[in-house]
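Construct all of the structure, not just a fragment, from the sequences and the given hints.
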Amino acid sequence: MTTAMAMSPAGKRRIRIRMYNVGFGDCFLIRLPTKDGERRMLVDCGYHTNGKGKFDDRGLIEQIKKDLDGEGLDVVVATHRHQDHISGFGQTEQWKEIGVEEVWLPFTAREGVEKEEPSLAFWNRLMDSAHGLVKPDGVLEDAAAKALPATKSSDEDKEALAWMLWNARTNAEGIANLRRGMKRADGGRAKRRYLPDGKKLPFQFESPVLPGATIHVLGPSRDPAYRRKKSVPAGWGVMAGVAPEGGETDSLPFGPEWRLQKAPARPPFQRKSIDMIREFNGDITDIAAATDAYLNGESLVLVIELGAAKLLLTGDAEVGAWMKILEDADSLALAASATFFKVGHHGSHNATPLVFLDEHLAEGTPAMMSTQKGKGQYRNGIPRPEILKTFDKHAMPYARSDVRAEGAAHGTFERDGQDRWVDCEIPC
Amino acid sequence: MRRSPEQTRPEYRHLRIFAIDPMVARGGEHRATVQLRFEELERRDASFFGRRIEVADVDTSGQEAVWLEPVDLDSAHIAMQHGLEPSESDPQFHQQMVYAVAMRTLEQFDRALGRMIYFKSRRRLRLVPHAFRGANAFYHPKLRAVLFGYFRASDESPGENLPGQTIFTCLSHDIVAHEVTHAIVDRLRPHFNIATNPHVRAFHEAFADIVAVFQRLTFRDLVQQALQEARGKLANSARLTEIAAQFGQGLGSGAALRTALCSTKRIQDVEEEHDLGEVLLAAIFDGFQTTFDRRSADLIRIATGGSGILPEGALHPDLVARLTAECVRTAQGVLTMCIRAFDYLPPADVDFGAFLRALVTADWELNPLDESGLRAAIIEGCRRRGIFAMDAGSLAVSALLLDSPPREAWSDHEPEFQKWVDLAVQIGAQQQRSDTREDDDEADLFASGERASDSKQQAPEVVSSGSGDSADRDVPAQKQLRAAILAWFAGLDAEKRAELRLSAGDLGTVGFHGSHRVTADGTLRFGLVVQLVQMTPVTLASGEAMSFPTGATLVIGVNGKLRFLIRTKAPNTRKADLERAAALATTNALGWRLHGAGRDPFAVDYRGMHEGRPR
Chain A
1 MTTAMAMSPA GKRRIRIRMY NVGFGDCFLI RLPTKDGERR MLVDCGYHTN GKGKFDDRGL
61 IEQIKKDLDG EGLDVVVATH RHQDHISGFG QTEQWKEIGV EEVWLPFTAR EGVEKEEPSL
121 AFWNRLMDSA HGLVKPDGVL EDAAAKALPA TKSSDEDKEA LAWMLWNART NAEGIANLRR
181 GMKRADGGRA KRRYLPDGKK LPFQFESPVL PGATIHVLGP SRDPAYRRKK SVPAGWGVMA
241 GVAPEGGETD SLPFGPEWRL QKAPARPPFQ RKSIDMIREF NGDITDIAAA TDAYLNGESL
301 VLVIELGAAK LLLTGDAEVG AWMKILEDAD SLALAASATF FKVGHHGSHN ATPLVFLDEH
361 LAEGTPAMMS TQKGKGQYRN GIPRPEILKT FDKHAMPYAR SDVRAEGAAH GTFERDGQDR
421 WVDCEIPC
Chain B
1 MRRSPEQTRP EYRHLRIFAI DPMVARGGEH RATVQLRFEE LERRDASFFG RRIEVADVDT
61 SGQEAVWLEP VDLDSAHIAM QHGLEPSESD PQFHQQMVYA VAMRTLEQFD RALGRMIYFK
121 SRRRLRLVPH AFRGANAFYH PKLRAVLFGY FRASDESPGE NLPGQTIFTC LSHDIVAHEV
181 THAIVDRLRP HFNIATNPHV RAFHEAFADI VAVFQRLTFR DLVQQALQEA RGKLANSARL
241 TEIAAQFGQG LGSGAALRTA LCSTKRIQDV EEEHDLGEVL LAAIFDGFQT TFDRRSADLI
301 RIATGGSGIL PEGALHPDLV ARLTAECVRT AQGVLTMCIR AFDYLPPADV DFGAFLRALV
361 TADWELNPLD ESGLRAAIIE GCRRRGIFAM DAGSLAVSAL LLDSPPREAW SDHEPEFQKW
421 VDLAVQIGAQ QQRSDTREDD DEADLFASGE RASDSKQQAP EVVSSGSGDS ADRDVPAQKQ
481 LRAAILAWFA GLDAEKRAEL RLSAGDLGTV GFHGSHRVTA DGTLRFGLVV QLVQMTPVTL
541 ASGEAMSFPT GATLVIGVNG KLRFLIRTKA PNTRKADLER AAALATTNAL GWRLHGAGRD
601 PFAVDYRGMH EGRPR
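Protein chains in written order, with the numbering used here: chain A, 1 to 428; chain B, 1 to 615.
Check the hints yourself; a few may be wrong.
[To be verified] Derived pair list, reagent style SDA-like, types lysine to any residue, alpha-carbon separation capped at 20 angstroms: (1) A/K191 <-> A/G72; (2) B/K142 <-> A/D275; (3) A/K272 <-> B/E64; (4) B/K142 <-> A/I274; (5) A/K272 <-> B/V66; (6) B/K142 <-> A/Q270; (7) A/K230 <-> A/E279; (8) A/K262 <-> B/E69; (9) A/K200 <-> A/E327; (10) A/K262 <-> B/A65; (11) A/K272 <-> B/R123; (12) B/K142 <-> A/E279; (13) A/K135 <-> B/E272; (14) A/K191 <-> A/R180; (15) A/K262 <-> B/E272; (16) A/K230 <-> B/D72; (17) A/K262 <-> B/V66; (18) B/K496 <-> B/H413; (19) B/K142 <-> A/R271; (20) A/K272 <-> B/A65; (21) A/K35 <-> A/T214; (22) B/K142 <-> A/N281; (23) A/K389 <-> A/E359; (24) B/K142 <-> A/M276; (25) A/K262 <-> B/D45; (26) A/K96 <-> A/G181; (27) A/K262 <-> B/D72.
[What the hints assert, rightly or not] If you want a taste of the chain B side facing chain A, the calculated C-beta under 10 angstroms gives, among others: (28) A46; (29) A56; (30) D57; (31) Q81; (32) H82; (33) E85.
Honestly, the hints are just simulated from the structure, not real lab data.
Glycine included, each C-beta is placed from N, C-alpha and C at the ideal position.
Shown next as structure tokens:
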């Protein structure tokens with residue numbers, strides 16, 4: 001069998017990855033055997049209140065502490081600001097007991113970033129609004145329920161809306177902890193990196209806390225166009241049964257014969273007014289969906305390179321972020337050479353281009369998917385069966401956090417007897 | 001009468017509209033032709049406009065804004081057929097429809113108030129029939145525009161619509177009338193933009209519904225057909241209540257209105273602002289229905305030889321025509337009465353009690369005997385729903401009439417007030433002359449380009465000024481009157497100011513307009529209505545420093561007598577209301593000012609208001 005693992009040099013050193021079963025969320029503890037000894041990295045720490053797994057926030061951090069066994073974390077990564085990735089960071093008291101050397105965040109999470117990129121102010125305002133529209137327990141506020149148009153007011157619609165809005169709630173404590181709170185083991189201030197720290201992707205850096213490792217940042221792009229919601233392109237693979245996505249259609253109700261052929265010389269509305277009107281497009285579900293996708297689009301996409309290993313960590317990156325990767329030869333080469341793949345966005349249809357699996361990623365590359373199958377529009381088709389089938393087609397062993405996966409070659413993974421986590425080892 | 005071959009200017013312009021929304025009713029008569037006073041329309045490359053309304057058809061739903069060709073309603077081919085044929089697929093018909101309904105609504109106000117209603121600074125209200133993609137339509141004060149959305153009906157549960165059909169909110173008569181009414185109310189009482197108690201927003205909504213519902217009930221052909229089908233019984237007429245219920249169907253709230261019209265909910269039973277608004281609407285509709293039944297009872301008796309029991313089968317068309325006339329007359333009466341109430345409302349912090357008193361007073365002044373019984377029926381409708389005027393003591397008409405301040409209290413000021421009335425009469429004359437002036441200068445006067453300051457502030461403009469407050473467009477007498485009022489106010493002692501709910505310091509806003517009323521003996525009386533408002537600071541429990549409007553409306557007679565003094569509630573009694581209003585505002589659906597800095601909890605959010613309509 002020509003798998004990626006079989007082809008890698010048979011070194012003794014192995015990266016150990018633990019995927020916690022947080023339900024609908026992400027939390028990965030990665031142990032990197034650097035030349036200066038083991039270094040530990042936590043990628044995300046959260047779950048969705050309506051899709052719980054084996055832990056609550058408190059319990060999750062207790063478990064992480066236990067697993068660290070008195071050691072600290074060299075790197076904490078928060079890929080993006082969705083609750084299901086950062087809810088646990090709000091447990092500030094517990095975090096005081098864990099030393100953290102560096103915190104890596106997407107550049108969009110930097111305080112005052114609106115000054116350099118005004119378009120972010122809009123999204124931050126939307127997140128602010130989302131916060132007030134859903135209760136902490138995930139139930140819609142009346143105002144939000146009533147804002148649903150009649151054509152979208154079924155219980156399912158409400159649940160889907162609540163799902164997206166809750167996820168976009170601002171986690172003020174968590175964000176503050178990430179930006180300012182976490183302390184090094186020696187009590188000093190943890191170093192913050194807002195990534196990419198430049199305009200060009202892939203952006204590359206090394207960190208003293210991960211000696212010998214190279215970090216490649218493939219997203220988020222500084223270009224807002226790659227962070228907005230986009231429909232899944234036709235060429236990405238079969239997406240049968242996925243409802244057409246709103247908010248992005250070119251079909252205007254009236255054809256060109258009704259339109260002015262050139263811009264009016266004395267328009268009744270000036271540019272700024274038109275932009276104000278533009279903000280009203282879409283109803284609350286469109287807006288919630290766009291916010292949801294936008295936040296996913298902020299995801300840090302990293303390739304952690306250590307020795308022969310390359311870990312591709314995608315956060316919840318969606319279509320736009322993937323377009324950027326597929327368009328850029330350097331980024332694509334890095335992603336394609338991954339020896340481990342963290343499946344994006346819990347296996348949703350719009351976060352893993354099948355074309356990437358089919359044509360770029362090496363046969364046999366192991367993958368991990370933190371997900372939770374469930375009912376409801378939002379989770380409809382998560383994880384997407386086509387993705388699982390494609391893994392099987394290319395003999396890529398994969399593990400799901402929620403169920404013991406069926407399919408090819410699962411021997412790579414070791415599952416906790418109580419289904420609290422799945423472990424995986426990647427040679428490096 | 002024409003006096004020369006050149007005189008071809010028509011008196012009226014007729015335009016066809018959908019009277020029942022095409023998205024709801026396909027069968028039956030669902031068109032109407034409205035008759036508007038003729039005005040010249042001007043066409044620019046991306047809009048057409050008259051004196052008060054501009055229709056600008058820009059669609060912002062795509063990557064780039066798309067401008068649609070404006071219709072030329074003066075084109076002979078279009079004009080000779082009473083405007084374009086109503087059609088969902090013709091965007092130029094949509095433009096015609098919003099223009100026609102908006103003008104019809106404005107004319108209702110003109111007629112009821114006896115003066116032309118211009119928007120602030122005499123700038124036009126802009127109607128945008130296909131502004132954005134979304135199941136909503138709203139008045140945007142800052143853009144001085146009404147923005148209409150459009151959306152696709154659901155593929156799975158389209159309701160009465162075709163699956164996936166595009167639904168245009170601008171094709172609903174009621175939505176257009178409702179939104180334009182918001183704009184007019186904002187003009188007449190700018191401080192109603194500040195929701196200082198739960199009734200303020202509720203009043204805004206209810207009043208816009210009242211105008212939409214009763215204006216629709218004046219479409220003769222429509223009513224006639226409905227009454228024929230319902231065999232003359234308004235109460236039993238699903239179709240007639242459905243007619244009213246059309247409003248908001250496009251926004252998904254039609255069912256609510258249908259039940260609201262017949263609802264017997266009491267004001268004490270509901271908390272939420274929209275529910276409150278529906279109580280007021282139901283009370284007024286109740287009064288209308290009672291009056292119509294009473295007015296039609298004799299007709300039915302005549303038609304049935306005194307038994308009052310109608311025979312089986314279709315009604316005689318003559319009877320239906322007479323019943324229709326009563327229905328239309330009564331609906332028009334309700335509409336006029338409600339609009340006339342505006343001159344007697346406090347300048348801010350309105351509540352239903354204040355509206356009831358204003359309505360009764362306005363009607364009593366015009367029609368002291370209430371021969372139709374309409375006034376009494378509306379009072380009864382309000383009584384059943386617990387709408388009282390707390391300060392009136394009882395629901396007797398004499399108690400509900402607004403109080404006249406003791407004459408001696410203001411007699412010293414009567415000579416001054418009399419001067420003001422003289423100026424108001426001059427203003428009326430000067431304005432009428434400028435209205436009829438041939439209008440080359442006005443192209444400039446009404447230039448539609450925005451002022452630079454318009455788009456700077458992000459927050460919607462909350463407080464705009466009253467009618468006398470736009471110095472650059474004023475006729476000379478207006479400037480004199482404003483100066484006179486300010487000078488008078490400067491000299492007013494603290495005690496008198498307190499009586500007007502005003503304190504030391506300058507006036508925030510002065511609004512005024514002349515009034516003309518025909519008294520019971522048939523003579524025309526001039527008068528003047530003045531609004532004086534100050535913003536009073538308050539610190540909320542949350543620590544937030546806000547300000548809220550206080551002041552009074554002065555209704556002054558031709559002899560300088562202060563006929564009515566309508567004041568906001570005493571500031572010290574309003575704290576609880578303000579706290580509550582502030583708390584409510586933070587839960588507005590998609591209210592942009594929820595948590596952000598600079599939010600104004602009292603600002604009426606027209607957009608959120610509609611998205612929050614209950615089903």
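Evaluated hints:
This hinted pair checks out: A/K191 and A/G72 have alpha carbons roughly 14 angstroms apart, not beyond 20 angstroms. The suggested pairing of B/K142 with A/D275 holds, with an alpha-carbon distance near 13 angstroms, which does not exceed 20 angstroms. At roughly 13 angstroms between alpha-carbon atoms, A/K272 and B/E64 fall within 20 angstroms of each other, so this suggested pair holds. Distance restraint check for B/K142 and A/I274: the Cα-Cα separation of roughly 12 angstroms lies within the 20 angstroms cut-off, and the hinted pair is therefore satisfied.
For the hint linking A/K272 to B/V66, the alpha-carbon distance of about 15 angstroms falls within 20 angstroms, and the restraint holds. About 13 angstroms separates the Cα atoms of B/K142 and A/Q270, which keeps this hinted pair within 20 angstroms; it holds. Pair hint A/K230 plus A/E279 holds up; C-alpha atoms about 17 angstroms apart against a cutoff of 20 angstroms. For the proposed pair A/K262 and B/E69, the alpha carbon gap of about 11 angstroms is at most 20 angstroms, so the pair holds.
The suggested pairing of A/K200 with A/E327 holds, with an alpha-carbon distance near 13 angstroms, which does not exceed 20 angstroms. For the given pair, A/K262 sits about 11 angstroms from B/A65 by alpha-carbon distance, which is consistent with the 20 angstroms threshold. Among the hinted pairs, A/K272 with B/R123 is consistent with the structure: their alpha-carbon atoms are about 19 angstroms apart, no more than 20 angstroms. A distance of roughly 14 angstroms separates the Cα atoms of B/K142 and A/E279; the hinted pair therefore holds under the 20 angstroms criterion.
The hinted pair formed by A/K135 and B/E272 meets the criterion: a straight-line CA distance of about 19 angstroms does not exceed 20 angstroms. Taking the CA atoms of A/K191 and A/R180, the gap is near 10 angstroms; set against the 20 angstroms cutoff, the hint holds. At most 20 angstroms may separate the alpha-carbon atoms for a hinted pair to count; A/K262 and B/E272 exceed this at roughly 48 angstroms. Using a Cα cut-off of 20 angstroms, the hinted pair A/K230 and B/D72 is violated, with the two alpha carbons roughly 39 angstroms apart.
A threshold of 20 angstroms between alpha carbons decides the hint, and for A/K262 with B/V66 the separation of about 10 angstroms falls inside it, so the pair holds. Between B/K496 and B/H413 the CA atoms are separated by roughly 11 angstroms; this keeps the pair inside 20 angstroms, and the hint holds. A threshold of 20 angstroms between alpha carbons decides the hint, and for B/K142 with A/R271 the separation of about 15 angstroms falls inside it, so the pair holds. Restraint check for A/K272 and B/A65: the C-alpha separation of about 12 angstroms stays at or below 20 angstroms, so the hint holds.
Between the alpha carbons of A/K35 and A/T214 the distance comes to roughly 13 angstroms, so the proposed pair stays at or under 20 angstroms and holds. About 18 angstroms separates the Cα atoms of B/K142 and A/N281, which keeps this hinted pair within 20 angstroms; it holds. About 15 angstroms separates the Cα atoms of A/K389 and A/E359, which keeps this hinted pair within 20 angstroms; it holds. Distance hint between B/K142 and A/M276 is fulfilled; the C-alpha atoms sit about 10 angstroms from each other, no more than 20 angstroms.
For the suggested pair A/K262 and B/D45, the alpha carbons sit about 10 angstroms apart, so the restraint of at most 20 angstroms is met. Our distance criterion of 20 angstroms between C-alpha atoms is met by A/K96 and A/G181, whose separation comes to about 8 angstroms. Under the criterion of a C-alpha separation no larger than 20 angstroms, the hint pairing A/K262 with B/D72 is consistent with the structure, at around 18 angstroms. At about 4 angstroms, the closest approach between the beta carbon of B/A46 and any beta carbon in chain A falls short of 10 angstroms, and the interface hint on this residue holds.
The interface hint given for B/A56 is met, as the beta carbon of that residue sits about 4 angstroms from the closest beta carbon of chain A, less than 10 angstroms. A distance limit of 10 angstroms between C-beta atoms decides the matter here; for B/D57 the minimum to chain A is near 9 angstroms, and the interface restraint holds. Residue-level restraint check for B/Q81 is violated (minimum Cβ-Cβ distance to chain A is 20 angstroms; threshold 10 angstroms). A hinted interface residue such as B/H82 counts as satisfied when its beta carbon comes closer than 10 angstroms to some beta carbon of chain A; here the least separation is about 22 angstroms, so the hint is violated.
Contact between B/E85 and chain A, as hinted, is not supported at the beta carbon level, the nearest pair being about 16 angstroms apart and thus beyond 10 angstroms.
Violated hints, in rising order: 15, 16, 31, 32, 33; the structure is consistent with all others.
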